[in-house]
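2 protein chains.
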Amino acid sequence: MKTQEKAAENKVCPLEIAVNSISGKWKIPIVWQIYEGKKRPSEFLRGIGKVDRRVLNQQLKEMEQDGILTKESFNELPPRVEYSLTDIGKKLVNVLWLLNDWGKLLIDNEKV
Amino acid sequence: MKTQEKAAENKVCPLEIAVNSISGKWKIPIVWQIYEGKKRPSEFLRGIGKVDRRVLNQQLKEMEQDGILTKESFNELPPRVEYSLTDIGKKLVNVLWLLNDWGKLLIDNEKV
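In order, the protein sequence lines correspond to chains A and B. Throughout, the working numbering is defined as the position within the first sequence, counted from one, plus 17. Throughout, the working numbering is defined as the position within the second sequence, counted from one, plus 17.
It is possible that part of the hints are untrue.
Copies of the same chain look alike in the list, so a pair counts if it works inside one copy or between any two.
In silico lysine to aspartate or glutamate, EDC-like type, Cα no more than 20 Å apart, as pairs [unchecked claim]:
1. K67 - E33
2. K108 - D118
3. K108 - E81
4. K108 - E93
5. K67 - E89
6. K42 - E93
7. K107 - D118
8. K108 - E33
No lab work stands behind these hints, which were simulated from the structure alone.
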């Protein structure tokens, strides 16, 4: 209830939280990789390129804390870790598609 | 056509452009202020608070260049300047509402 009051006071607030949660440099590419079926940090590293492992782990941790990703650890040798999108993460993908469409408008506009 | 080819090569691209174009610290609040009917930089300054005029002007200029805002200058004394949302800017507002809804999910999730 308190959060809803806060949100009512300041309309921008949930939007700011949303934008902050995806503003980390590799967060959107990470969501995209997982959406495309990749699960393991080593796959993200190959898919994204320039990111280093320490930074990747930090971003994954933040996204897990935000409730966008879940992490599953398998008790194997060598230990295996897999990430997947939560329901909230899947809903983010839907919004990102719309933002992607909007980005195309920006690009088309620049050409004119 | 070239841009579409580029977009096809790298799916993240229009999305990155979209996110970059709204990542400037005051850009979303500016869009919101204009959406609520405000037009003049002095009104944005009052509505947003902590932003300084020089930074505000820089952000307005970038958003004008990106095709999100249009600027109209009135030849009066003192000179008057008004900003409004372009069609692309209005479409951004629609996506921001959805991102706002998604932000509420993040907030609700944090409470649990």
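Results for each hint:
{"no.": "1", "hint": "K67 - E33", "in the structure": "between (27 Å within a copy, 16 Å between copies)"}
{"no.": "2", "hint": "K108 - D118", "in the structure": "both (16 Å within a copy, 10 Å between copies)"}
{"no.": "3", "hint": "K108 - E81", "in the structure": "within (15 Å within a copy, 30 Å between copies)"}
{"no.": "4", "hint": "K108 - E93", "in the structure": "neither (32 Å within a copy, 49 Å between copies)"}
{"no.": "5", "hint": "K67 - E89", "in the structure": "neither (25 Å within a copy, 42 Å between copies)"}
{"no.": "6", "hint": "K42 - E93", "in the structure": "neither (31 Å within a copy, 44 Å between copies)"}
{"no.": "7", "hint": "K107 - D118", "in the structure": "both (17 Å within a copy, 14 Å between copies)"}
{"no.": "8", "hint": "K108 - E33", "in the structure": "both (17 Å within a copy, 18 Å between copies)"}
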